[in-house]
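Build out the structure end to end from the sequences listed, making use of the hints.
Respectively, the protein sequence lines represent chains R and F.
14 is the number of the first residue of the first sequence in our numbering; add one for each residue after it.
27 is the number of the first residue of the second sequence in our numbering; add one for each residue after it.
Because the hints were derived from the structure by calculation, they are not lab data.
Each residue gets a CB set at the ideal place from its N, CA and C atoms; glycine is no exception.
Keep in mind that a hint or two might mislead.
Derived coverage of chain F by chain R (criterion: at least 3 residues anywhere in the stretch with Cβ under 8 Å from a Cβ of chain R; other residues may be distant) [unchecked claim]:
1. 148–162
2. 178–186
3. 342–356
Simulated restraints on C-beta separations [as the list claims (entries may be wrong)]:
4. R:Asp232 with F:Arg367: 43 to 51 Å
5. R:Asp43 with F:Gln359: 26 to 34 Å
6. R:Arg193 with F:Asp97: 27 to 35 Å
Which chain F residues stay away from chain R? Per the calculated CB distances, all over 12 Å, these [stated by the list, open to error]:
7. Val49
8. Lys64
9. Thr76
10. Pro96
11. Ala122
12. Pro133
13. Thr145
14. Arg212
15. Ala217
16. Ala256
17. Glu258
18. Asp277
19. Glu306
20. Glu317
21. Glu331
22. Leu363
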Amino acid sequence: MPRMRMNQAIAQAIADEMRSDPTVVVFGEDVAEAGGPFKTTDGLLIEFGPNRVRDTPISEMGFLGAAVGAAATGLRPVVEIMFIEFLGVALDQLVTQGSKFRYLSAGKVTVPMTIRASVGAGLGFAAQHSQTLESWMLASPGLKVASASGAENAYGLLRSAIQDEDPVVFLEPRRLYAVRGDVKVGSNAAIPLGQARIVRSGEDVTIVAFGSTVRVAVDAAEQAEFSAEIIDLQTLVPWDRQAVLESVARTKRLVIVEENPYSFGWGTEIATKVASELFGDLEAPVLRVTTPDVPVPFGKALEERFLPSTSYLLAQTRYLLETGTLPRPWWEGGPT
Amino acid sequence: MRQLLTPSGDLVGEAPFGLDLCVRLYRAMVVARSYDRKCVALQKQGRLATYAPFEGQEAAQIGSAAALEPDDWMVATYRDAAAMWAQGYPMELLVAGRTGDERGGSPPDHVNVLPPSITVGGHMVHAVGLAWAERLQGSSRIAITYFGDGATSEGDFHEALNFAGVYGVGCVFFCQNNGWAISMPRSAQTASETIAQKAIAYGMPGVQVDGNDLFAVYEVTRQAVERARAGEGPTLIEAVTYRLGPHTTSDDPGRYRDAGEVEEWRRRDPLERVRIFLSERGRWDPEWQAEVEEKAAREVERAVELAESLPPPAPGDVFGGMFESPPRHLREQQATLELYRAAGEG
Chain R
14 MPRMRMNQAI AQAIADEMRS DPTVVVFGED VAEAGGPFKT TDGLLIEFGP
64 NRVRDTPISE MGFLGAAVGA AATGLRPVVE IMFIEFLGVA LDQLVTQGSK
114 FRYLSAGKVT VPMTIRASVG AGLGFAAQHS QTLESWMLAS PGLKVASASG
164 AENAYGLLRS AIQDEDPVVF LEPRRLYAVR GDVKVGSNAA IPLGQARIVR
214 SGEDVTIVAF GSTVRVAVDA AEQAEFSAEI IDLQTLVPWD RQAVLESVAR
264 TKRLVIVEEN PYSFGWGTEI ATKVASELFG DLEAPVLRVT TPDVPVPFGK
314 ALEERFLPST SYLLAQTRYL LETGTLPRPW WEGGPT
Chain F
27 MRQLLTPSGD LVGEAPFGLD LCVRLYRAMV VARSYDRKCV ALQKQGRLAT
77 YAPFEGQEAA QIGSAAALEP DDWMVATYRD AAAMWAQGYP MELLVAGRTG
127 DERGGSPPDH VNVLPPSITV GGHMVHAVGL AWAERLQGSS RIAITYFGDG
177 ATSEGDFHEA LNFAGVYGVG CVFFCQNNGW AISMPRSAQT ASETIAQKAI
227 AYGMPGVQVD GNDLFAVYEV TRQAVERARA GEGPTLIEAV TYRLGPHTTS
277 DDPGRYRDAG EVEEWRRRDP LERVRIFLSE RGRWDPEWQA EVEEKAAREV
327 ERAVELAESL PPPAPGDVFG GMFESPPRHL REQQATLELY RAAGEG
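If you want it as C-alpha cells, here you go:
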C-alpha cells in the first residue's frame with residue numbers, strides 16, 4: 014500500500030475516477046491552476062485539461078448551482094467548497110435544489126454530484142474558518158454526508174462518493190490534510206457509503222467517532238488501561254446503525270466523541286437510538302464528548318482546550334467506567 | 027423597447043415569421059389562456075393546490091418557447107406552464123404537478139424541461155450548468171431560463187449572469203417583468219432604469235422587448251438562441267409584460283394595486299393584437315375563433331381528466347424517488363409500512 018498524505022489521497026481518488034469515467038469534471042475556486050489551496054486537486058489540470066478541470070469565479074452559489082444543472086445532463090461534477098463556511102452562501106443549492114430534484118421529478122432528474130469541503134479546527138484559522146457545520150446538512154433528506162478520518166479512508170470513500178448517483182457531501186478535516194497514512198488504491202478500494210469501520214476491537218466500552226475525532230479516539234484507546242472498541246462512522250447520512258448497536262450490545266457502554274458544539278450535534282441522534290434500542294442493557298448513561306457551545310477560539314492555547322483531545326477523552330471515559338455515571342464536561346469543571 | 031406589433035395590431039417592422047406560424051402560435055396562446063383559467067377554476071373547487079396564474083403573459087411565454095429547438099433545455103418557474111407546455115411538457119403532467127402529485131415532475135425522456143422552480147431565483151444557475159455541460163459534451167443544445175422581475179434582486183441572478191458571462195455559455199436569461207413581485211412594484215424592486223441594462227455589467231447583450239408582442243418576443247429570443255447556439259455566449263432579455271391576475275390563488279391584488287392599472291394593461295392584451303393582425307389578413311373570423319376556443323377547451327379538459335385519473339399515491343410512495351439505492355433504514359421503514367398496510371393495520 015502506498016503511503017501518502019490525505020490531500021494526496023484525495024487528489025488521487027479524483028484522478029482515478031476521472032481516468033475511469035469521462036463524465037467526471039472538477040470545478041471550484043483555485044482548483045485548476047493552483048491545484049487547490051490544500052493541494053487536493055494538484056496535477057488534475059495538467060492531466061485532464063481545462064475542459065474537465067476549471068477555476069470558477071468566487072461564487073459558491075453560482076458554481077454549486079451550475080453543478081446541479083451539469084449533473085442533470087449526466088455529468089458527474091466534483092466541486093470544492095474551500096472552507097465549509099463558504100457553503101453558507103450556497104446552501105439553497107444543496108439542501109433545497111440539488112437534493113430534491115430526484116424527488117420532485119419522480120426519479121427522472123438525478124444529481125450525481127460530489128461536494129467536497131474542508132472542515133474543522135486545529136490550524137489556528139479562527140472562528141470563521143474552523144467550524145465543522147455538518148449539522149446543517151444532516152436533516153436535509155436527499156443528501157448523503159461522509160467524512161474522511163485520514164488518508165487511509167479518504168481515497169476509498171471519495172471514490173464511492175463520486176460514483177454515487179445522488180448528491181454526496183464529502184468532508185475533509187483540515188488538520189489531517191498533511192498527515193500520512195497507508196492507502197489502498199485502485200478500483201477495488203472504494204469504501205461503501207453507509208458502512209462504519211471498526212478501527213479497533215475492544216470489550217469495555219464502544220467509542221463512536223467521525224472525521225477528525227477518529228484519530229483522537231484511537232490514540233486514547235492505545236493509552237487506556239481499559240479495552241475500548243473504536244468505530245469510525247465514515248458516513249453520517251446514512252449512519253451504520255447495525256455496527257453501532259451490535260458493538261454497544263457487547264460492550265454495554267457508549268461514548269460518542271465529536272468535533273461539534275455539545276448541543277444538537279449528531280451524537281444526540283446516535284445516543285437516542287442506542288438508548289432506545291438497548292435501554293435495559295446499558296451499564297452506564299451514554300456519554301458525549303464534544304466542544305462547548307461557543308465559536309472556535311483563535312489563539313492556540315484556547316483552541317487546544319476547545320477541541321476534544323486524547324487526554325480529555327481518556328479522562329471522561331475513565332470516569333464513566335469507574336463510576337457508572339456521567340462526568341461533567343471540562344467547561345463545567347469535569348475531569349480533563 | 028423592441029416592438030413589432032402595436033397593441034392596436036399594426037405591424038411596425040418586418041414580421042419574423044409567416045402567417046401559418048403566426049396562426050399556430052395564436053392558437054397556442056388561446057390554449058394557454060384556456061389552461062390558465064381552467065386551473066384557477068379548479069383551484070377554487072379544491073381540485074388543485076395553490077396556483078400561480080400567468081394570464082397576460084401568453085405572448086412572452088409562447089413567443090419565446092417557439093424560438094427554441096424541441097430538445098433545448100428549459101428551466102422555468104411556477105408561473106411558466108405555457109412555456110413548458112410549448113416546449114413539449116405534457117399538459118396532463120402540468121396539471122398533475124399542481125394537484126401535488128410528484129409524477130407531474132417527470133416528463134417523457136425527450137422533453138428537456140426541469141421541474142418548475144417553486145423557490146425564487148435558485149434555478150437560474152441550473153440553466154448555466156446545463157448549457158455549459160451540453161457544450162462540454164459536444165452538443166449544440168442551449169438552455170433558456172425564465173424568471174420574474176422580483177428574482178433579479180436575488181443574489182442568484184447576479185451569480186448566474188456573472189458565471190454565464192465568464193464561461194461564455196449558451197444560455198438565454200428570459201425575464202418576464204410583469205410589474206409586480208407579489209405586492210412589490212417593479213419601481214421598488216431595483217433602482218435600475220431597466221432590467222435589461224443589468225446585462226452590461228456581466229459583459230453580455232441585454233434586450234428590452236414588449237413582452238405582450240408575440241412577434242418581437244419571438245424575434246429577440248430567436249436572435250439570443252442563435253447567438254447561444256453559435257457559441258457567442260449568453261443574452262439577457264427583459265420582456266415587459268403584466269400579470270393580469272393575482273400572484274397566486276392565495277393572493278388579493280386589490281389590496282396593493284389600482285384597478286385602473288389592470289384595465290390599462292387589459293387594453294394591451296397579447297392575444298388581441300394578433301387577432302386584429304390575422305383578421306386584417308383574412309385569417310380570422312368569429313366562427314374560427316369559436317372553433318379554436320372549443321378545441322382548446324377540449325384539450326384542457328382532456329388533460330384534467332388524465333391528471334385526475336392517475337391512481338392516488340400509496341403512503342409508502344413517500345419513500346420513492348429519494349435515492350438511487352435507498353439506505354437500509356429507509357428500506358426497512360418502507361417494508362414495515364407495507365407489511366402493516368397489507369395486514370390492514372396501516
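*Of all the hints given earlier, name the ones this structure violates by number, lowest first.*
Result: hints 5, 6, 11, 12 and 13 break, sorted rising.
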